[in-house]
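So you can see what is in the structure, the chains are spelled out below.
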Amino acid sequence: MTSDRDFLTAKNLSKSFGGVQAVNDVSFTIAEQEIFGLLGPNGAGKTTTIRMLATVLDPDAGEIEIGSYLVRGQPSRVRDIIGVCPQELALYEELSATDNLVFFGRMSGLGRREAKEAARGNLELVGLAERASDAVRKFSGGMKRRVNIAVALMSRPKLLFLDEPTVGIDPQSRNHIFDTVLRLRDEGMTVLYTTHYMEEADRLCDRIGIIDGGRMIALGTPSELKASIGKGGDVTLEEVFLSLTGRSLRD
Amino acid sequence: MLRPLLIASIELKRYSSDKAEMAFSIALPIVMFALMYGAFGGEPSVSVTAHVVNLDDGPVSEDLLQRLESVDGVTVALYDSTEADSALDRSAILTAFVIPEGFSRDLRDGKPTRITVKRRGHGGDEGQVAAAIVSGVAQEVTGGLMVRGMVLSALGDGSDAGRIDEAVASLGGEPAVVVRERAGEESADPTVAIMAAVMTMFMMFAVSLNAQSLVAERANGTLERLMTSRLTANQLFVGKFLASSLRGAVQALVLLLLGFVAMRIAGPGELVQALAYAVLFGAAVSAVGLVIAGLARTRDQAIWSAVFLTMLMTTFSGTFVPFESGPMEVISRFTLNRHAFEALRDILAGSGGIADQGLGVAVLGAVVVLGLGAARAVFRTY
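Protein chains in written order, with the numbering used here: chain A, 1197 to 1447; chain B, 4 to 385.
Rather than coming from a laboratory, the hints here were simulated on the basis of the structure. Hints should not be assumed to be uniformly reliable.
Computed cross-link-like contacts, SDA-like style, restricted to lysine to any residue with a CA-CA straight-line distance of at most 25 Å [what the hints assert, rightly or not]:
hint: 1; chain 1: B; residue 1: K114; chain 2: B; residue 2: S84
hint: 2; chain 1: A; residue 1: K1334; chain 2: B; residue 2: E24
hint: 3; chain 1: B; residue 1: K16; chain 2: B; residue 2: L249
hint: 4; chain 1: A; residue 1: K1312; chain 2: B; residue 2: Y18
hint: 5; chain 1: A; residue 1: K1334; chain 2: B; residue 2: A26
hint: 6; chain 1: A; residue 1: K1334; chain 2: B; residue 2: K121
hint: 7; chain 1: A; residue 1: K1354; chain 2: B; residue 2: R233
hint: 8; chain 1: A; residue 1: K1334; chain 2: B; residue 2: N223
hint: 9; chain 1: A; residue 1: K1354; chain 2: B; residue 2: R6
hint: 10; chain 1: A; residue 1: K1340; chain 2: B; residue 2: S84
hint: 11; chain 1: A; residue 1: K1340; chain 2: B; residue 2: G224
hint: 12; chain 1: B; residue 1: K121; chain 2: B; residue 2: P62
hint: 13; chain 1: A; residue 1: K1312; chain 2: B; residue 2: R17
hint: 14; chain 1: B; residue 1: K121; chain 2: B; residue 2: D66
Generate the whole structure from the sequences, applying the supplied hints.
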């Protein structure tokens, strides 16, 4: 399923805020049609990394290339091919799901009719077509998360950033999100997925980068990471993290 | 240009879907205007009823009653003798004025006569005020007749009564001393001043609405999402600025229409000019709001900075308590409210058009340009 061609290349990324090093010399690549998991505890540097990749933050050092465009020199080209689902529910809650999708679609350059059609399709994809006209504030947490993803898909991105898309939601919505992500990958999309849930990363991701204290401490497929600690048998990613950092992911 | 318009339209859609905000920005100014109008505007400073028993029914007593009715704030209530006595006994009224039989005839003949004041106790505050007014009006009416009678009596039967009547009538014009109420400077109508004050005060709240709007977008992640779309920061600013200015224009329009339809405070020409000036004022306060939004890192910081600035400007502008001179008057010239209040008041009162507001227009225009520039300079997407 995964292509051999790298769609994203991040080289030696660093970013600090007021003397605090949030991301420190991080490098990785993501192949076309790959689901790449960025795994780490809260405050590890996952969101800062995504913000640099998504053109929101300028890195202090390092280079990013996405789909043959350099983030530093061609941010508007990069924005044309990415979709971002931030960790926060980045929605206008007083407006309907359709209004949110159409608005963000139009901000991404779609015409009115195109945006309406895309909104209908994306709400169907996340299983919310029947609630399209309802104000988002009336939705459950899980439904809002799904709308959050649907908005990120409005620009028809080639690379989708999903920053902790399953935080605080019910198992039904979580499973729906998993199915959606897998389906998008199967349709040709490349996905960067951050989470601090090990089982999620294990289930979804083709490759995983484990980040802690702003540094990339391990990189590989789930099997490679499990094998790397040399215990054999049914090793979990939780144990991998414990072995690499000396503490639990939930600490 | 399309994206700023889309930003403005989504902002207005959110605004219109929030009933509380709608109530705050549209209904509250109307309520405030109504309360202030009820408290300070429109009503005369005196409001009394003169309870009168007219036993004469002649032309002079009729003239006296008409003149009493025409005094601002005075109402005349007529009784017969029995009704008046009964009302006094029951304390339903505390003072009654009795015009005697033959009142008109006696005055025409130059004979002295008198209006009797019947009182319950000391007659009440209203009764005393009414007595003073009735006395003044009676002197005005009877003065001319007394002069005529005295002249006729002095000249004897051969005198020309018609010419004497004309001469006496000519003396009944404007008195030598006139007492006239004045409110504020040139505008005697408090309704116009109240309208201008309420408009400027509520439009100032656009500062806080605009200030928190961008900070809220940053906090809930929509700003980040917008900044990863094709929208540029400049387009975002123009969109927010348009939305806020339009909101101010809607507020101004509602209040002006209310004043025009319900109170006839100005003609259509004044209305259009006042609206144009209000739109400029709304744009200026929107730009100030965006500066705060660019500086504030949290919603609380944005709201409290905006509230502080709004209160400061309202207090020091002298909108509600005018500063006639001294340092406070000088300080008031540096507030946006003062320029807006004075201009709107003058335009609505018809004592000056928008073309006469050169300084105010220049100040507000400069605030728009400098405010937008400063806001963009201090704005950070993250």
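Within a Cα-Cα threshold of 25 Å, do K16 of chain B and L249 of chain B meet the stated pairing? Distance of about 12 Å is within 25 Å: holds.
Taking only the CA atoms, is the gap from K1312 of chain A to Y18 of chain B under or equal to 25 Å? holds (22 Å)
Is it true that the CA of K121 of chain B sits at most 25 Å from the CA of P62 of chain B? holds (23 Å)
Holds or violated: K1312 of chain A and R17 of chain B, Cα atoms, limit 25 Å. Roughly 19 Å between the alpha carbons, so the hint for K1312 of chain A and R17 of chain B holds.
Taking 25 Å as the top limit, are the C-alpha atoms of K1354 of chain A and R6 of chain B close enough? Holds: K1354 of chain A and R6 of chain B sit about 23 Å apart, inside 25 Å.
Holds or violated: K1334 of chain A with K121 of chain B, Cα cutoff 25 Å? violated (72 Å)
Is K1340 of chain A within 25 Å of G224 of chain B, Cα to Cα? Judged against 25 Å, a Cα distance of about 13 Å means the pair holds.
Would you mind confirming whether the straight-line C-alpha gap from K1340 of chain A to S84 of chain B stays at or under 25 Å? It is violated: about 81 Å lies between the C-alpha atoms, which goes past 25 Å.
Under the criterion that the straight-line Cα-Cα distance not exceed 25 Å, is the pair K1334 of chain A, E24 of chain B satisfied? With Cα atoms ~19 Å apart, K1334 of chain A and E24 of chain B stay inside 25 Å; holds.
What's the verdict on K114 of chain B and S84 of chain B, does the C-alpha distance respect the 25 Å limit or exceed it? Satisfied, since the Cα-Cα distance of roughly 24 Å is no more than 25 Å.
Check the hint pairing K1354 of chain A with R233 of chain B against an upper bound of 25 Å on the C-alpha distance. holds (15 Å)
Verify the proposed pairing of K121 of chain B with D66 of chain B, using a straight-line Cα cut of 25 Å. holds (22 Å)
Hints 6, 10 from the earlier list are contradicted by this structure; the remaining hints agree with it.
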